[in-house]
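Enquirer: Listed below are the residues making up each chain.
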Amino acid sequence: MTLLSRFRSWLRALVRRSRMESEMDTELRFHIEAFAEDLVRSGVPRQEALRRARIEFGGIERAKEECREARGVRLFETVWQDTKYGLRMLRKSPGFTATAILTLSLGIGANTAIFSVVNAVLLQPLSYPQPDRLVALMRSSPAGNQWAISVPKFIVYREQTKVFESIAAYDSAGPGINLTGGDRPEQVKGIHASAGYFEVFGAPIALGRVYTAEEDRPGGPHVAVISDGLWRRRFGADPTLVGRTVELSGDPYQIIGVLGPGFKSDPPADIWLPLQADPNSTNQGHYLRAAARMRPEVTLGQAQAAMKLAVEELRRKFPNWVGPRESATAVPLRDTVVSGVRSALLILIGAVGFVLLIACANVANLLLARATLRKRELAIRASMGAGRWRIVSQLLTESLLLSLVGGALGLVIGFFGLRALLAINPVNLPRIGEHGAEITLDSRVLLYTLLVSLFTAILFGLVPAISPTREDLNATLRDSGARSGGGFRQNKTRSILVVTEMAMALILLVGAALMIRTFEALRSVRPGFDGHNVLTMQMALSGSRFKKTAGAAQMVQEVEQRVGAMPGVEAVAGACCLPLTGGPDFPFAIVGRAPVSGSYSGDVQWRNVSPQYFEVFRIPALRGRVFTARDDAGSTPVALINEAMAKQFWQNENPIGAQLLIGHGIAPEFEDAPRQIVGVVGDIRDYGLNNEPAPIMYVPEAQVPDGISALENRLMPFLWAVRTKVAPFSLDTEIQQEVRATSGGLAVAHVRSMEQVVGESTARGDFDTMLLSIFAGVALLLAAIGVYGLMAYAVQQRTQEIGIRMALGASPEKVRKMVVWQGMRLAVIGVVIGVVAALELTRFMAGLIYRVKTWDPTVFAVVAVLLSAAAWLAVYVPARRASRVDPIVSLRYE
Amino acid sequence: MDKQLDVLQGTLDMLILKAVSLGPLHGYGILFRIQQISRDRLEIQQGSLYPALYRLEHQGWIASEWGESENNRKAKYYRLAAAGKRRLQSETEKWNRMAEVIAGILHTTPEEV
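Note that the protein sequences, when read in sequence, are chains A and B.
When we follow our numbering, the leftmost residue of the first sequence carries the number 1082, and every step to the right adds one.
When we follow our numbering, the leftmost residue of the second sequence carries the number -1, and every step to the right adds one.
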């Protein structure tokens, strides 16, 4: 027996069904006639012989059916029949069909939407060759991993060639590079990367070559590799571009290669320049990222072990270079891209799972109600010889039809609904592209939707499909009408479904309410700065002009004067960083105090800002003074600290007059003189509105050590903040022009109001809130429909009983109360179960919510009341109908 | 032996394979031949023959083609396929072993235990 022959015979059976049928007919007829002829030969009359032959043969139809089954055709025929029949049944009750399909499409659509995000963010492999072999090399400590590496460590890790095929260190493309020369200056994103970069990420080379390890040395040549996009946009896809020299931030660079079109770097960039790290560097700044490609036979565990060994060896040679609890590890590169969004996405997946279950419960309830109505039909089919499984398969086919149509509709609703939401609210999720362009309808999303639909069909279809087949056939057939039955078991099943729905809806509502409370709390939080009427913009201070602090400081001063003099402008500041966008941190020592760890007193945030920064953001001076224009390179080095830092390091003492020695011993080029604290300023929430203010020290822009300026200008964009008297965007163009002119033609990029910056910092949470609220709303609606459906059906079934009660003297009031009570009892049980489950489940949301407890009593109370009110409305309508039953009519009601 | 035996469960397939191994036959012929070889001691339900034939063909053990019967009528002839030949062999061996074991058990006398 071969699989092929079986398949062939099955296929033949399918394709040539009518021919096979006639052949089977001929064959069996031949048999009977041959038999009859033998009988005739032995003396039986022909007519009698045929009759006997047929009797001897037995049931011809049954034999045929068994033959078909032997060929494996039966299954197909059954499915075909069931489908045809199912379609007819669904067409016959369009109200039911529409309700069920709509309900399912909401449930499935929500799942498709979230899965398509999960697919793009968490499941899609990175777009590099053999992405599974890519790891990020991280600094690890008991507190967690940090994707940051110093030059000396990179030099050591580069030697781990037993486990790594290639390894690269690169920076974050922060500031951008000014592409000057030609008719228009342009700011493009550029990465300084070591020579191994292109090998690690498998970057395709379209033209020329990439730089070699030989060129990636201190003092090496000025060469650049550019992206396909830049090549086309800026250079008109000129095939002779390679070898030409362009001006990058004022310095000449020779373009040696163009990368292929498909290459997407993270962070995104258009220009790659050699890192040219000094192998003898002692710089302890961890400002680079490192990634490596593992050898094919090497496992992640081996790579991690090798990293651990390497860092220990480094510790042995240079004990001061490695922190006491510091180690090193390798982490799959993909994990670095999506860390931080995983938990929120998993919660959303859980939420849509609930929505789907509620939808299933609703449709199951509809089907149960229908099954009662169809009892007679099913009983007749059973009495005609349909087996129990035949009937189950018939009912399941109908469920499948519903869920597949619902799934197709859900796919449309979910996918395009999500894209529409993203178009309105572009959330900065990693890997989803501009406005979610990378969220695609690929085979995985389609398969997922299909599987969810099938799973759904089984979930809501199986209970109703199995329960009616258990009924006693005779009893059903004897009963007079379709309305009989609705036995205890069924109503019990339906009640349980409704209770479950209510409970799940409550959990979702609690989740959404917690997010909404968080949303409100974040908006009522006092960030410590005033972002209203502040325009911000970025500039790349790259090139030799900004290698020293003086160059930048002078420009900042000029811009402050020129832009500050514009009408409508109140104050102007230049700084390394804006509130809420983070920045570097440095260790410091308080002069005259015993150090706490190593030679330092602590490690806090560092912000270099120009004097008017505090005026622009209205950050108050709580003690002493803020910076002035006189705090320049030639005057006493000064610093400001914020309240959080004062509290942490001085408690009740007065920090003013104390001296800070910042970053001592990290690297010679970062060496700073002791700074005198001249003031304490108010706290700002620098690491997100939901995080308590961190300690910060501020240093005047003009007094930054040259090495730190050079490093910042290489890693981060320089930021301008302008406080305006009018709406900031009304002055946008003039300010940009003035800044560009004053800075000597440097491009200005990423112009945003400070309010936009604040908005972006909470965009992801807002997106989660919006989605959860939508899902909770759908859940509320579906649960209400579920309760309504159950009670409306119950009232309809009990019309006779209600009629009798009223005939016997029950008042409409009493009848109404009875129905309301019955419905509300279920609702309340559901609410109670939901509250208990929600108390347990909201724990998982602890990381997403802010200033509200996971068991917030107000949230639980409001949600319980809201859901109960919805249930009451849903119950009240059928209850009122019940109270209006006319006893006379109802008794005749069949 | 007057009484006819019902064909044992599962042995019909083997009998069919054996019957067609002696030469191509149509359904009625297979029935006839089995009864002939067994000297009418086996009774085969006619209705169960065809499902068995279809099943064996579906599994690729026998093949069929249309031909002319002895009295010039269109009939479907079955013949043993290569896979069926192997199957028949292994089934026969299994059967013989089984029969031996069963016979051995049934012939056991109290003294032998």
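It cannot be assumed that every hint is accurate.
[Claimed, not checked] Some chain B residues judged to face chain A by a derived CB distance under 7 Å, without partners named:
{"no.": "1", "residue": "G21"}
{"no.": "2", "residue": "G25"}
{"no.": "3", "residue": "Y26"}
{"no.": "4", "residue": "G45"}
{"no.": "5", "residue": "Y48"}
{"no.": "6", "residue": "P49"}
{"no.": "7", "residue": "R77"}
Hints listed in this document are in silico derivations from the structure and should not be mistaken for laboratory results.
Where a beta carbon is used, it is the ideal one built from N, C-alpha and C, also for glycine.
Enquirer: Return the numbers of the hints above that this structure violates; sort them in rising order.
Expert: 1 and 7
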